[in-house]
Amino acid sequence: MNNFIKSLSNYLRFIMKDKQRRLNFILLSLIFIITPTQNYYAKLEIKPDRPVIREIDIELPNIQKLPINTTGIKVPYLTAKSIIALDVASKTLIFDKNPDAKIMPASTTKIMTALVSLEHWNLTDVLEVKNGFYIGQSMKLQKAEKITMESLLYGLLVASGNDAAYTLAENYPGGLKNFVDKMNEKNLKLNLNNTHFINPAGVEEEEHLTTAHDLAILASEAINNKTLLKIASTPEIVITDVSGEISHKLKNINELLGKIEGVKGLKTGWTEAAGECLITLVERDGNQVMFVVMNSQDRFGETIKLINWVFENFSWQIPKSIQN
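In the numbering used here, the protein residues as written are 146 to 469.
Be a bit skeptical, because a hint or two may be false.
[What the hints assert, rightly or not] In silico BS3-like links for lysine-lysine, alpha-carbon gap of 27 Å or less:
1) 226 <-> 247
2) 242 <-> 450
3) 285 <-> 322
4) 219 <-> 242
5) 331 <-> 247
6) 247 <-> 210
7) 394 <-> 404
8) 226 <-> 291
9) 396 <-> 236
10) 236 <-> 331
11) 394 <-> 375
12) 285 <-> 275
13) 334 <-> 288
14) 371 <-> 331
15) 409 <-> 450
16) 334 <-> 236
17) 288 <-> 450
18) 396 <-> 375
No lab work stands behind these hints: they were computed from the structure.
Construct the complete structure from the given sequences, taking the supplied hints into account.
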């Protein structure tokens, strides 16, 4: 490094001694400074590009309208032991009374019977009636009669036939016991923690119990099955066995169908111990409400009172806390 500096110093002294050499040095230096270099960086042309704009899909949360009592009017007096009025979309409880009291479900049991059957069979599958007599409500099946699963569902949900319920269960792989086990297995899947079934029809048995809360969950699940909902909302129908020789005229036990605006069915029930029971889906202005009335002295009259109270006093709104 010292040698380089010494050599450079000697070179500059040599140039400065002669006037012409000084002039040439200055001219060359100026040319070097003002002449563009030919390296890569001198040629590099920098231009500002347009900013890169990427589209990003952002899914905004769906703001759910909730049922709000805009009049302040309270529910009328009802004799039912257990009651639920549930907004199906938001799962908002509109009204409840003893929702977790354990009660016998009677034929509302058949909603679960229908769900288990729909998961196992096709509608066109043919089943055979194992027995000619079953206790309680009947669609009047005959022993050894061959009938489609779809027709049995009509007998189950329209006529509330115990014979339809037992025919489905007895044709299940492993028979009646396995069918009921499957019903209780589905209870666990749906978190029906206070429900236990002993039979597929709702015949009175000491440990055959549920709650209005659990039935509201079960019914809300059931209406997702379009076939089940269609059958449950049928006012009346005539079905036959596969030969067409045996016919069954079925009329829906639900007196509200076709009489009360927006009633879509679902299931009736009655035994002496269970009292009058009714699960009803009502849809008005796009809003669905599930009504569960258990152990009532007047299931149809009290359900009508509930329906009128809800749709006359509640409106579906976005809560002010969310609006602000």
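Mind listing which of the numbered hints don't hold for this structure, in increasing order? 6, 8, 9, 13, 17
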